[in-house]
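Using the sequences plus the hints, can you model the full thing?
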Amino acid sequence: MMRFAIALLLVLGATAPAMADVFALTNARVHTVDALGTLEDATVLVRNGRIASVGKDVRIPSDAVRIDAAGGEVTPGLFAGFTNLGIQEISAVPETVDQSLEDFDRGAGFSIRRAVNPDSMLIGVARTGGVTRAMIGPSGGSQVFAGQASLIRLDGASNPVSHPDHAQVAVLGSRGGQRTGGSRAAALQQLEQGFAEALLYADSRALIRGAQASSLGFSRWDLDALLAFIGSGRPMAVHADRASDIIQALDILKARGIPMVLLGGAEAWKVAAALAAADVPVLLDPLDNLPRGFDRLGARSDNITLLHQAGVSVGILEGSGRDVRRIRQYAGNAVAEGLPPEVALAAITRIPAEVWGVGDTYGRIAPGMSADLVLWNGDPLELTTWAQRVWIEGREVPVDSRQLQLRDRYREPRSAYP
Amino acid sequence: MTHERVLLLLILCVGLAGLPAAADPFPSRYAPPPSGPVLIRNATVFTGDGERLEGADVMLQGGRIEAVGSAPEVPADATVIDGSGRYLTPGLIDVHSHLGNYPAPGGAAVADGNELTSPNTAGVWAEHGVWPQDPQFPLALLGGVTTLHVLPGSGNLFGGRGVTLKNVPGRSVQDMKFPGAPHSLKMACGENPKRVYGARNQMPGSRMGNLFGQRNAWIQAQNYQRKLEAYERALDNGEEVDPPDRDLTLETLAGVLRGEILVHNHCYRADEMMLMLDVAREFGYRITAFHHATEAYKIADVLAEESVCAAVWSDWWGFKIEAIDAIEENAALVHAAEGGCAIVHSDSPRDIQRLNQEAAKAVMAGRRMGLTIDDADAIRWLTGNAAKVLGIGEETGVLRPGLAADVVLWSHNPFSVYARTEMIWIDGALRFDRGDPTTRWRTDFDLGLTPAGQREDTP
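As you go down the protein sequences, you meet chains A and B in turn. Under the numbering used here, the residues of the first sequence are numbered 58 to 475, in order. Under the numbering used here, the residues of the second sequence are numbered -3 to 455, in order.
Rather than coming from a laboratory, the hints here were simulated on the basis of the structure. This one's a predicted model, so the numbers in the text were calculated from it and none came from an experiment. Among the hints, erroneous ones may be present.
Said to hold, decoys possible - Each pair of labels, with its calculated beta carbon distance range:
no.	chain 1	residue 1	chain 2	residue 2	range
1	B	60	A	97	45 to 51 Å
2	B	27	A	435	41 to 47 Å
3	B	202	A	235	30 to 36 Å
To be verified - Covered stretches of chain B (in silico footprint by chain A; criterion: 3 or more residues with CB under 8 Å from a CB of chain A, positions within the stretch not fixed):
no.	region
4	128 to 136
5	349 to 356
Stated by the list, open to error - Covered by chain B, per the in silico footprint, the following chain A stretches (three or more residues, Cβ under 8 Å):
no.	region
6	140 to 149
7	382 to 395
8	436 to 450
Idealized CB from N, CA, C, for every residue including glycine.
Structural data, given as structure tokens:
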């Protein structure tokens, strides 16, 4: 019992923000990504892991530790919109890949939340790039339903999952078709079938758990998950690129009253008006302009700008966890493609948080928000600036990684080894 | 070209290399369109060999760079361009690309860059798999890439010959071939060859097998070269002898031993690069550059001493075991070694569009660790150094009078994320002008699929 208590203390110590901490980050250019916009020579006051106040005339209490930002720029911690950080370590090493399924039939019921690796070497690398939160999702296996996505924080906590099983993920288009006999039509049909069976299952659960279970296409594990999801208000994230697949998915989900988040959307610009009208946000990679496949012949460099101009809420994603530090480069390029700079910064902070329904806690620097902050030595979207300090829930986390340790060992190659 | 002149050329080639095979049976048919003189005034110029000039003028004439720095006498018919607030660099050069060999849209039908049927396919040529209508070429041009080196993939110990291309439209690859550029030989060590053949229970199935396969091939190449030399001696002595049987695989390897073909060696780990240097010493050839070289920073001093360049990514890492020690500072640390030669390559149809940004991230990493890296120096990673390892350093890669007028005008400092190319010349011919939609290069593939200019940005 004593040992248990100590273990509990250790866990709390490692995960909970230091509750008494009060600090003021002064002399900073603060990008609030909120109504106040960007403030010159401003102060951010943090208390108990939350933003207490932000502005040019913040009263700093006497118990606050003062941190001089020396004119550096402060942004909310970057929010990776959708990625596989923590569930895939080395893509070519199967034993480190937990995001996908082979020879195991589980779809909507597949949850990656217990597979997240808090010791992943990718986390330090991402954090060194200013990323503090990430929505991580499965790529699934043999079904259109890939499984459930969870939200994690990058503070090195032993359990980094803050919002488990927060969204469902589906894969449509030609990739979906590969999972359903070779046709994208069957992929769309399986999406409909899942919802229909879940409702049927709800009506006759006892019966189905008995003799007739085999009469349904989905297992009870998947149907339980879908049932819990329908009506929860949580979104269905849909991978689709071709404009026609996007519209079909929109129709199916609208009919069921399920909020949709579009992932990828290479041709989303073609159906921007429909997405805006249905209030469907998009998470995309703005550099993904190549017609790599026939689902995406209409891929173009200014997809994000056209969607924004049409009134669609657009955030940025990088699917590969090892590359999530690239999202600010993507945001910078979006600016060069005509996206207003404040929107581009929002696309890697506020907007993904809002897309996943946690915009009241993350993604902005405003009173009451989680104190996830990054101090940069210049324009946060520029390539030649870097993150100097990072805080998550008010606790400073090390800007360190295995990569930086290798760098330091080989600073003078001759002295590292004979 | 008349038959007599072809024959003369053939004889010249035979005379130079001593071998009928040295005449390129697939000669370049690239010819720059005629161009008038162009003067770019008052730009910030990165020359590509380390210099930065403020408020400089650059004059292009007859396809060549006429003057750099001071305002020359301006011909009456010159097009004058205001470079104020803008940046001028040599055309960027990607030393590691698979455009045309792995075009978009992808798939088995068009995957033509890896002849995975034998660990030694030194006799295959990347140019024979290049589809000039790959819609990725124009996107690379928009990123300022005027020259690219297309290499076979890394599934084999000897992948085949690489080819250097001008990034211009053509009906066949020969319309793109960089005149006079030497072929390369793509070699690979590490995981890829042993994975491909090991999975088939063939050699190589281990790193030991990799070295065995390479050394065996070089022994055969030496034997072949000796036969060729004996044949030449016999000819010189006026003897009537039959030439040795031609062998396309060994022709390539012997070309390396004679120094005519440059070795570009795919290799990640520091220890393996050291072994490859030993193999090169054993058989008397030179490795021109290691490609990917994710651990080059661990042996930056050795590479500098050996005068071997490292062509690297900025932030790719961790996709396989041999890539987990890749760090963002790699290029900067290679560059910082006394005499070090860093190159930033893409190996990607995505990053080739932003080679300048890849370099910028490497610059950032170097500065973050306290190294001093000038922008004008770092631009060499994409220009002067890249031209050097492709054997075209006396032709392009630097803004110097007499060299090809391969020039890019940028909206901002190219190391800024906001920089976009505004105008691009190749051999003095205007190939892209952001303000003039008629200059957009649209491949056959894009016709009917995308409205003009749509693939690219529109603002």
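Structure-based check of each hint:
1. 60(B) x 97(A): 45 to 51 Å: holds, 49 Å
2. 27(B) x 435(A): 41 to 47 Å: holds, 46 Å
3. 202(B) x 235(A): 30 to 36 Å: holds, 34 Å
4. 128 to 136: Answer holds; 3 residues pass the 8 Å Cβ test.
5. 349 to 356: Holds: 4 residues of the region 349 to 356 of chain B have a Cβ under 8 Å from chain A.
6. 140 to 149: Held - the region 140 to 149 of chain A has 4 residues with a Cβ nearer than 8 Å to chain B, which meets the minimum of three.
7. 382 to 395: holds (count 9)
8. 436 to 450: holds (count 6)
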